[in-house]
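Asks: Chains as they are written, first to last, in the working numbering: chain C, 1 to 199; chain H, 1 to 360.
Since the hints were made in silico from the structure, they are not lab data.
Positions of the beta carbon are idealized from the N, C-alpha and C atoms, including for glycine.
It is possible that some hints are incorrect.
[Unchecked claim] Pairwise CB distance ranges (calculated): (1) C:E120 / H:S240: 27 to 33 Å; (2) C:C99 / H:I245: 42 to 48 Å; (3) H:E100 / C:L33: 25 to 31 Å; (4) C:Y3 / H:Y109: 36 to 42 Å.
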Amino acid sequence: MAYARSVNRLIEELKRLPGIGPRTAQRLALYLLSAPQDQAERLAAAIKEARETTVYCSVCGNFTDMDPCGICSDTARDHSVFCVVEEPHDVAAIERSGCYRGVYHVLHGALSPLNGIGPEKLRIKELLSRLEKGGVAEVILATSPDTEGEATALYLKRLLEPVGVKLSRLAYGLPVGAEIEFADEQTIARAIEGRREIK
Amino acid sequence: MQIRSVYLKGFRNYKELSLKPFGGANLIVGGNADGKTNLLEALYFCLCGYSFRTAREEEVIRTGEDRAVLRALVEKVEFNKETAVEISGRGKKLTVNAKEASRRDFPGYLGTLLFRPEDLEIGVGSPGERRRFFDGIFAGILPGYYSAYRKYIRTLNHRNALLRRLRGCDRVTAEVRAWTEAVAETGSVVNILRLQALSLLAPVVTSCYQAIADAKLSIRYVSSVGLAESVSSLRERFLSKLLLIERAELQCGQTLVGPHRDDFCFVVDGRDLRRQGSRGEQRTAVLAAKLAEARMLEERRNDRIVYLLDDVFSELDPRRRAALASALQGRQVFVTATEPVTELRGYSWWIKSGTVTNRG
Ligand SMILES: [Zn+2]
Chain C
1 MAYARSVNRL IEELKRLPGI GPRTAQRLAL YLLSAPQDQA ERLAAAIKEA RETTVYCSVC
61 GNFTDMDPCG ICSDTARDHS VFCVVEEPHD VAAIERSGCY RGVYHVLHGA LSPLNGIGPE
121 KLRIKELLSR LEKGGVAEVI LATSPDTEGE ATALYLKRLL EPVGVKLSRL AYGLPVGAEI
181 EFADEQTIAR AIEGRREIK
Chain H
1 MQIRSVYLKG FRNYKELSLK PFGGANLIVG GNADGKTNLL EALYFCLCGY SFRTAREEEV
61 IRTGEDRAVL RALVEKVEFN KETAVEISGR GKKLTVNAKE ASRRDFPGYL GTLLFRPEDL
121 EIGVGSPGER RRFFDGIFAG ILPGYYSAYR KYIRTLNHRN ALLRRLRGCD RVTAEVRAWT
181 EAVAETGSVV NILRLQALSL LAPVVTSCYQ AIADAKLSIR YVSSVGLAES VSSLRERFLS
241 KLLLIERAEL QCGQTLVGPH RDDFCFVVDG RDLRRQGSRG EQRTAVLAAK LAEARMLEER
301 RNDRIVYLLD DVFSELDPRR RAALASALQG RQVFVTATEP VTELRGYSWW IKSGTVTNRG
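Build out the structure end to end from the sequences listed, making use of the hints.
Replies: So, in structure tokens, the structure goes:
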């Protein structure tokens with residue numbers, strides 16, 4: 001397609017985004033070029049600001065614009081219950097359900113030997129050192145119910161058993177292979193309330 | 001379900017072809033390289049949205065053309081579906097009633113019976129061929145089987161990747177242990193579901209076999225883990241087996257027991273047909289299993305399915321030919337053959353180098 005060089009560059013950048021194919025990238029680029037100037041500039045500024053002000057929380061690993069994050073520094077929350085999730089968007093989904101008052105630990109992934117991801121690539125050491133500080137009564141393993149998430153939960157269960165905290169797993173009413181990210185609030189609430197202790 | 005019309009353009013050795021198939025038996029007669037199986041492949045494509053012959057689907061594009069186009073009108077009980085497949089250098093496009101669709105939207109999903117000459121050989125083939133054969137049937141007759149199977153295979157692939165990476169190591173890491181547990185967990189589900197599917201399938205196969213051979217056939221599941229009543233007791237058994245051989249598995253870099261190593265065997269009067277069966281008995285057993293699969297698919301869908309048979313009649317003796325022909329009655333069937341099949345009453349299409357030369 002014969003576009004100006006700068007337009008091609010925009011299309012190329014959009015194509016790198018997850019879920020965006022060549023056709024969608026082209027459509028988005030042409031839309032941004034024909035949209036009012038300030039709309040495009042707001043988008044550019046929003047991306048820039050989010051990137052510059054967002055960091056990982058040094059405690060739980062969630063995205064945040066202050067460190068520690070709002071959840072970790074909230075004294076009204078129950079700091080004796082940890083919910084271990086794979087990705088920041090899982091935190092967002094569980095928070096939307098409004099039924100969880102504990103804190104989180106974000107692993108930033110799940111075990112996946114086919115993609116070369118072992119425990120050393122996840123934030124597991126950080127989890128252990130948080131637990132060593134004491135005061136934790138329960139760890140909820142809220143990794144996805146898919147292959148990688150289940151194996152990660154099995155790994156963590158074995159690792160955390162000697163620590164002596166109560167371990168539980170979400171009661172997934174989710175269909176097999178479903179992601180927490182896309183589950184509705186009620187399903188997540190049921191999964192948390194119905195969580196089972198694992199031994 | 002029936003195919004009412006089909007159109008091919010630039011597909012394999014077909015430049016362009018339109019067919020209005022008969023509602024009953026359609027015999028596709030031709031020489032070896034005239035394109036009989038190509039036509040069957042095109043019909044399967046229109047019903048299911050993919051090739052049964054190749055994973056590299058660009059190879060169906062006729063030499064010198066830039067794309068292959070297939071269209072069909074498929075009549076179903078509830079409503080008709082117009083399916084289209086287009087394969088070009090840029091990939092494959094599937095549509096149903098002019099809307100973009102996936103394989104699962106295609107009318108032939110769990111509604112097509114494909115029977116090929118190599119199917120007849122699975123009785124004497126490798127355990128892997130028998131597993132593929134039965135797993136294919138189970139996926140169609142037991143809801144949930146396919147996803148459980150897929151989950152197991154993915155877990156297994158992860159574990160094997162890890163074992164390969166640690167190959168030769170002497171120490172079993174906690175990471176390996178986690179994947180061992182995951183394999184035992186997902187594998188036990190597959191094992192139990194196979195037994196369930198077999199308990200549905202076996203009586204139907206037995207009665208189909210009896211109708212052809214007048215003897216009692218049963219099917220046995222030969223599990224490398226063993227058999228148990230529940231998933232949890234099987235999981236324990238599977239896990240302890242894996243823990244025993246974990247070191248050996250680390251040496252060779254792969255998982256050595258599990259549903260991916262199991263086998264199935266046909267048994268007639270106490271004889272395991274894998275070792276003590278005649279060629280005729282083995283073929284009859286496979287034929288009975290295919291007919292049972294078809295019957296169960298029809299029951300599940302509450303509709304007749306479409307049968308695609310690639311050069312199968314010539315492989316059978318007169319008695320089995322007659323049994324197969326009578327099982328096909330009242331169904332829309334496409335049968336390829338090098339010469340007319342006297343047992344089948346229907347319509348014949350003579351094919352020569354990608355064109356229909358005669359019909360009737
Ligand atoms: Zn935090």
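Asks: Indicate, hint by hint, whether the structure satisfies it.
Replies: Verification of the hints:
Look at E120 of chain C against S240 of chain H: about 29 Å separates their beta carbons, and that is inside 27 to 33 Å. Here the CB-CB span from C99 of chain C to I245 of chain H is close to 44 Å, well matched to the stated 42 to 48 Å. Between E100 of chain H and L33 of chain C the beta carbon distance is about 27 Å. The supplied range of 25 to 31 Å therefore holds. Taking the beta carbon of each, Y3 of chain C and Y109 of chain H are about 40 Å apart, inside 36 to 42 Å as hinted.
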